[in-house]
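Participant: Use these hints to put chains D and A onto chain Z, whose structure you have.
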Amino acid sequence: MMGKLLEVKNLQVQFDIFGAHVQAVRGVTFELNKGETLAIVGESGSGKSVTSKALMGLIPNPPGKIKEGQIVFEGKDLVANTEKDWMKLRGKDISMIFQDPMTALNPTMKVGKQIMEGLILHQHMSKSQARERAIDLLRRVGIPNPEKRVEEYPHQFSGGMRQRVVIAIALACNPKVLIADEPTTALDVTIQAQILDLMRDIQKDTGTAIILITHDLGVVANMAQRVAVMYGGKIVETGTLDEIFYNPKHPYTWGLLSSMPKLHAKTDKLQAIPGTPPDLSNPPKGCPFAPRCPYAMKVCVDQMPAYTHLSETQKAACWLQDERAPKVEPPKTIGVGGE
Amino acid sequence: MGRYVLKRIGFMIVTFFVVVTLTFIAMKMLPGTPFLNPKLDPTQRQALMHEYGLDQPLAIQYVKYIWELLQGNMGTSFQYGNEEVTTLLFQKFPVSMNLGFEAIIIGAILGTLLGIFAGLHRGKFLDWGSMIFSMLGISIPSFIFAGILQYFLGVAIPLFPVAGWEGASSHVLPVASLAVGVLAEVAIFMRTEMVEVLNQDYIVTAKAKGLSKNAVVFKHAVRNALIPVVTILGPLTAAIITGSLVIEDIFGIPGIGDQYVKSIVTNDYPMIMGTTELYAALFILTIFIVDLLYGVIDPRIRVSGGHN
Amino acid sequence: MTSANEKITNEMFQPADLAQSESEKISENVVSVWRDAMRRFFQNKGALASLVILTLIILLAIFGPYFNHYGANTQDLNKSNLPPKISALSFLPFFSGEQAGVDIYQQHNVHEDHWFGTDQLGRDLWTRTWDGTRVSLLIALIATLADVFIGVTYGGISGYFGGAVDNILQRIIEIISGIPSLILTILLILIMKPGITTITISILLTNWVPMSRIVRGEVLKFKNQEFILASTTLGASHKRVLFKHLIPNSMGMIIVNTMFSIPTAIFFEAFLSFIGLGIRDPQASLGSLINSGYEVLQLQPYQTLYPGLVLCLLLISFNLIGNGLRDALDPKLRR
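Here the protein sequences come in this chain order: Z, D and A. Under the working numbering, the residue at position 67 of the first sequence is numbered 67, and the numbers go up by one with no gaps. Under the working numbering, the residue at position 174 of the second sequence is numbered 513, and the numbers go up by one with no gaps. Under the working numbering, the residue at position 319 of the third sequence is numbered 966, and the numbers go up by one with no gaps.
Rather than coming from a laboratory, the hints here were simulated on the basis of the structure. You may find that some hints are simply not true.
To be verified - Derived pair list, reagent style SDA-like, types lysine to any residue, alpha-carbon separation capped at 25 Å:
no.: 1; chain 1: Z; residue 1: Lys88; chain 2: D; residue 2: Asn553
no.: 2; chain 1: D; residue 1: Lys403; chain 2: A; residue 2: Leu792
no.: 3; chain 1: D; residue 1: Lys558; chain 2: Z; residue 2: Arg131
no.: 4; chain 1: Z; residue 1: Lys110; chain 2: D; residue 2: Ser509
no.: 5; chain 1: Z; residue 1: Lys88; chain 2: Z; residue 2: Ser44
no.: 6; chain 1: Z; residue 1: Lys65; chain 2: D; residue 2: Glu535
no.: 7; chain 1: D; residue 1: Lys463; chain 2: Z; residue 2: Lys127
no.: 8; chain 1: D; residue 1: Lys552; chain 2: Z; residue 2: Lys4
no.: 9; chain 1: D; residue 1: Lys601; chain 2: D; residue 2: Pro433
no.: 10; chain 1: Z; residue 1: Lys67; chain 2: D; residue 2: Lys463
no.: 11; chain 1: A; residue 1: Lys692; chain 2: D; residue 2: Met470
no.: 12; chain 1: Z; residue 1: Lys4; chain 2: Z; residue 2: Pro284
no.: 13; chain 1: D; residue 1: Lys367; chain 2: A; residue 2: Gly842
no.: 14; chain 1: D; residue 1: Lys431; chain 2: A; residue 2: Gly842
no.: 15; chain 1: Z; residue 1: Lys113; chain 2: D; residue 2: Tyr633
no.: 16; chain 1: A; residue 1: Lys840; chain 2: D; residue 2: Phe363
no.: 17; chain 1: A; residue 1: Lys868; chain 2: D; residue 2: Ile571
no.: 18; chain 1: D; residue 1: Lys367; chain 2: A; residue 2: Ile822
no.: 19; chain 1: A; residue 1: Lys868; chain 2: A; residue 2: Val888
no.: 20; chain 1: Z; residue 1: Lys127; chain 2: D; residue 2: Ala554
Chain Z extracted, bound-state conformation:
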């Protein structure tokens, strides 16, 4: 690891919808080092996608806005960026891969042209240069016969092939940061593995740092070096892959790990975390997970716990780490840790 590339400090994003102020992201802090893969894990509505959009300056405003915080990229705070600054950055330094390849491509524009757009814009290539590079990129992401396919439309590609095109678009200008928002969720299981392999390969070649947004711990185990677990608009626990999988400290992380399907499990029942995520238009005072937490204490309901630093790399926001709290053992059902 060669030092920080991106630092997010106390990021808060709010959406004003129908008179309610939805606090989608409530003070998120994390950093991304050069060449590493950071996974942001959480269920729908935890704020992980909003966080990733904020990094691209793609929070629709109105209704959304960054209320507070900093996004420091190569020493510059992006929150202060004008739209023009963002335009120079997007697709060049920071790119994004989207969830659904069926809808992420313009249906009436040739695939090649969709890749070329960014090249012409950021690298000032001529049309023919950009076309050559587009063909290279298609070949690089594993699309056979790229000279022909560059002239085709998205509907002529299968789902997996389209996701490869989306990746090619994102990689066109050799970005320093690649944000992958649920890159495999919409794909068949067999295709998922191929796409993940491709992303790993590309990272090895180019040294791009990846922020992987997902709810799938299987994908995380495959890809990430570090993990941040989000819940209710906050990061509740963060650490290295090993720390999160083998020594998790937050009950929500326990719940996530328990809910992973396992091959050698004794029961044939899938574990679920009971309850629903908090209503972020009226966020709870205390720990957002308290209403669903089997170990909840009175303090959890009223006070948000501070981070407890468990190691150089691991920290968790949970009152159970307080010395006054009763000692609680993680459940035996935790996926990898239980083996």
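Facilitator: Structure of chains D and A alone, referenced to chain Z:
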């Protein structure tokens, strides 16, 4: 694609023959014959009937009628000293074409712009304003709109001639009266499409590439939003034909629409038949062209059309 | 590991007694689709105003002609072309009964008011306008019936049975919609006499086509869903599946489309009457009233104004109500 086109041409021909046959049946079902004049004695009437082939069996009359029609012979008009229907139609049709084209082109262009504009400013004051305007545009009948324009811009403040079809200034009021409906229809449709398209994921993809707002809107959004607009060109043509009947009447324009109404009122049957067939052909052809156009500009249909 | 907050006491680290049900509670109230749609419809100011205007027009069409003793066809040439006069409102220039400063009523020695004025034959335009509105409303009713009985049934059968039935029915539709409805109507007018019967028949022939297409589309969408399969498995008849399951589920689309087909039909009648192929004098219709008004537009604009205004208000109201219903019933806009 080829097979699809052939199938469509087949359907066009069938539809057209249904119209022709219906027209023929309607003429035969008319109360009485054109020669019921009591001054004619039975032998004279018989002679006339014979001369026009009206004493032959219906089937033969029908075949003869179709045969003549295929040769472009539609008989002679009762009103205009026995002038050929075809000649009259050729004389008057260009005027109506001109009026209709001006209205549809101006209406479609302005409507598209207004729709893009409203869609981009969704929920804002400008969006509301243009949508209220469009709502009035599709609701107010062209013959009332024509009256309003005629009264205010022709009579109260005489900026433009209230009638006639000579010189550019005489085109303003009738074209505006016809175009406003087209404009409104296209604007509402275009706005809906824009709002829909702007919410699509590929718009985010385009933004994420670093494209400017203008590039996103015009290269990605507008093109996708415009494609479905082509589909309403068919109904719009029908609306323009309908509209031209009244607009030509109100503004005294010597076109085919005005002629049609006069023919109906005066029972000029050959003229009615000829105009009906011309309108039907025009309408059927427009729908056909629109379908083809849609296939050409939408890549998704262009390819799959080949398999159908 | 010390907490910044001093107020935290040891006893706060007792387990909290959160009822399990608390976390499973659904935070928002469950609202039925229809009630939700109603709520959103009534929030739409344009649609609500239109509903009020429409109600007013319907009431006036029913009771308006009885507000005075003039008949719709009572001619009095002495009273021809009188401008509108409402004595109680005579301070307003357009209800003063004056034209170019001259009190026309005094000139003709008329002592009664004509609220909308009179036409060339001295007939009361208030009475004739509302009489004509009745025609438009009758057309609206006929269009609705055509949509619901012909359009829904035709589309429902075509979509539900599919295969050869669908194929034949759709080819027929293709031919009907390939001919402009104006031409069909004109052919019909040639055979029959112009009038309300002819217009009714032409509406019954053409107006339901868009509706049948929409219903067919809806039925095709629902046909293969589980609840229909379940019903069929339980032995429900075709009729039952179609009319108790498929069509009720398409109700939103049916209502919205009916609302949009009404102004089309009203316009069509007014248009035909305007060009003299619909309802003809002495019977009144908004279209024919506007046409007669046009002959004297430059001198007596009010003769066009009032029937024109009523016609426009009718068309705008139906369109806005249709818009309001569409937005209210659109599941994409639900929150």
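Participant: Look at each hint and say if it fits the structure.
Facilitator: Here is how each hint holds up against the structure:
{"no.": "1", "hint": "Z/Lys88 with D/Asn553", "result": "15 Å, holds"}
{"no.": "2", "hint": "D/Lys403 with A/Leu792", "result": "41 Å, violated"}
{"no.": "3", "hint": "D/Lys558 with Z/Arg131", "result": "18 Å, holds"}
{"no.": "4", "hint": "Z/Lys110 with D/Ser509", "result": "46 Å, violated"}
{"no.": "5", "hint": "Z/Lys88 with Z/Ser44", "result": "30 Å, violated"}
{"no.": "6", "hint": "Z/Lys65 with D/Glu535", "result": "23 Å, holds"}
{"no.": "7", "hint": "D/Lys463 with Z/Lys127", "result": "39 Å, violated"}
{"no.": "8", "hint": "D/Lys552 with Z/Lys4", "result": "31 Å, violated"}
{"no.": "9", "hint": "D/Lys601 with D/Pro433", "result": "18 Å, holds"}
{"no.": "10", "hint": "Z/Lys67 with D/Lys463", "result": "23 Å, holds"}
{"no.": "11", "hint": "A/Lys692 with D/Met470", "result": "14 Å, holds"}
{"no.": "12", "hint": "Z/Lys4 with Z/Pro284", "result": "32 Å, violated"}
{"no.": "13", "hint": "D/Lys367 with A/Gly842", "result": "21 Å, holds"}
{"no.": "14", "hint": "D/Lys431 with A/Gly842", "result": "29 Å, violated"}
{"no.": "15", "hint": "Z/Lys113 with D/Tyr633", "result": "22 Å, holds"}
{"no.": "16", "hint": "A/Lys840 with D/Phe363", "result": "18 Å, holds"}
{"no.": "17", "hint": "A/Lys868 with D/Ile571", "result": "24 Å, holds"}
{"no.": "18", "hint": "D/Lys367 with A/Ile822", "result": "22 Å, holds"}
{"no.": "19", "hint": "A/Lys868 with A/Val888", "result": "14 Å, holds"}
{"no.": "20", "hint": "Z/Lys127 with D/Ala554", "result": "17 Å, holds"}
Of the numbered hints stated above, those contradicted by the structure are hints 2, 4, 5, 7, 8, 12 and 14, listed in ascending order.
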